[in-house]
Amino acid sequence: MKGMTIIVKKTTQLIAGMIFMYGIYIIVHGHLTPGGGFAGGVIVAGSFILVTLAYGGDFLKLVKEESGTTIIESLATIMVILIATAGFLFGTRVFFNNFLPKGVVGQLVSAGVLPLYNIFVGTEVAASIFIIFLSLIIFKEESPK
Amino acid sequence: MNPLIPLFVVTPLAGAFLIMIIGRFIKEFNKYFTSLILLFLVIISFYSLFTTGENLSVYKVGGWEPINKIPIGIYMVMDGFTVIIVCIINLIGFLSAFYSISYIKRYTAENYFYALFCLMVAGMNGVVLSGDLFNIFVFLEISVISSYALVAFGVEKNELEASFKYQVLGTLASFLILFGIGFIYWKTKTLNIADIKLAFSSGYDKTYYLFVQILILSGFGLKAAIIPFHAWLPDAHSSAPSPISAMLSGVLIKAVGIYVIIRLFFNMFIVSEGMAVLITTLGTLSMVIGVFLAIGQWDIKRLLAYHSISQMGYVIMSVGIGMILVSRGIKPEVAALAISGGIFHLINHAAFKGLLFLNAGAIEYTIGTRDLREMGGLSKSMPATSATSFVASMSISGIPPFNGFFSKLIIIIAAIMAKFYLLAALAVIVSIITLASFLKFQRYAFFNKTDDKKNQQIKEVPFPMVFSMVVLSIICLLLSLLVIPGIRDAILTPAIDILTDPLKYSSTIIGQ
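Residue numbers (this note's numbering), protein chains in the order written: chain A, 1 to 145; chain B, 1 to 512.
Hints may be right or wrong, so weigh each one.
Claimed, not checked - No farther apart than 30 angstroms at their CA atoms in a straight line, the calculated lysine-lysine pairs in the BS3-like style are these: (1) B/Lys440 <-> A/Lys102; (2) A/Lys102 <-> B/Lys60; (3) B/Lys449 <-> A/Lys61; (4) B/Lys504 <-> A/Lys64; (5) A/Lys61 <-> B/Lys60; (6) B/Lys157 <-> B/Lys105; (7) B/Lys69 <-> A/Lys140; (8) A/Lys140 <-> B/Lys157; (9) A/Lys140 <-> B/Lys504; (10) B/Lys504 <-> B/Lys419; (11) A/Lys64 <-> B/Lys206.
I should point out that these hints are in silico values taken from the structure, not numbers from a laboratory.
So here's chain A without its partners, still in its complex pose (with noise of 0.2 angstroms):
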């Protein structure tokens, strides 16, 4: 796939950093803010679907990154299910148990288990739109012209 103009490539550097950070910052306030593990790592996945759409890139360096992209999507539902285990193993035989300290009402570092369910949330979300998107690159690089 061919990259974009000038313009568009300067100004995306500009911009993909800043709606990186910002899905970062909704993923972990999730607790806090409107917003939480799937708004934020929708908006993760647009930052890297922005940079992709403006520099192109050729097929088999595309190929490539879906896989990556698949083994931490998967690591991630994986890393989910884990801490749900947790759950069970530590406190009261009950999967998806919140066993952590739930810490002050307010603060970033609290409410026990829930931004880390935020965070692995948001990684899935953001690794599995981003391969929808590389998937159809893909299926269109594939088929004739």
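Starting from the known structure of chain A, arrange chain B on it as the hints suggest.
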């Protein structure tokens, strides 16, 4: 609380994603790992079958206890009826996964196959175990979306077309179901099945209630392929790889279709006579029309798929008769007999239809065609396939001493005792036509004459495939034992008690 309940969902879910990671680096990992996971699930499901009995155990996810007896968390419920379906899902799932070890070699991308297979099993277990209406919807989507992908697994023209048809109709069904759930939530302000039942018991708007019932029945009817909603089934079930056809036809239409219809119409809605008559009519229609559509088919898997519609018709008709009697409040013992016949036939159908699809897969594996006119004389070269498919054909046509005979007998006796003579007569006629079409299958596939040169090269299928088929045919014989009173009381009676007693389910769950 029974700590085993969430394992039915968590284990295959974790397995699916582990396969996607480790399967990339270690070849051969995926197939043995899937079989191991499902073997583990079979063991815990049979352990649950023997320990559950009359009890009803509730699992509150996240440890959210009810406040003032109002449930606020997500509930998972295991009772006599659930545990039977869980056993079917995991047993057929294990045998199909083991069968796939040799069968799926002809396809590429085995990792995706096994990961989707595990996801499908996780979704079905979730649907069956969930005690919460919205979670039924979520798990249903997990299982059917993975089945869309599995139907299209061959990525040829036919497979893609079938999968597309299945997706369009499946999405329509999901939409109707979600719509129905939304309407229920609007009126009752709760999603817990037991709590909804209590809310309905204290009074409801008649037309609104009827509208919701119709939405739910048509949504899950589409998933169960009852006759006006059956268009996707023959294509989808015949195009999928054979172990998946066995799962779809043997398990999926029961777990996400019939099971939910039975559960909701007995334990959530208040049983009304009009709805019961409608369900019985739909069941009878599927039973009769399905078999007439089946008998003219020359493609083995299409023939089997149409028979799935017909046999599910038996189950729905029989449960519907029970529902009519329960709603009238007369002859409770005949109602119990009718429902037990339906559930017995459901169990049997999982065994013999799973086996028949595995046989069809074995034939396709060796000679590479599904057309009956191009086969013949396979009984000499493929003795194991021939013998097991004979067992399955006799079971589905209702020949003693195989399991299908006993369940059909119970259904017919119940219909006569409830004075539905026409339905009893139709059940007998349909059974005879079923026998005719399976004699056709046997004759053309296994006993017809062909040139011997071609047949000498045909060999029996590899061990994993033979193993699965032989185990299923033994199960077909063993299931006849369910008709013996002692065994029936231990396994079938708890399921019927929970369905026929109008308040037992909800009061036990809310009371805990």
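Would you list, in rising numerical order, the hints stated earlier that this structure does not obey? 1, 3, 4, 5, 7, 9 and 11
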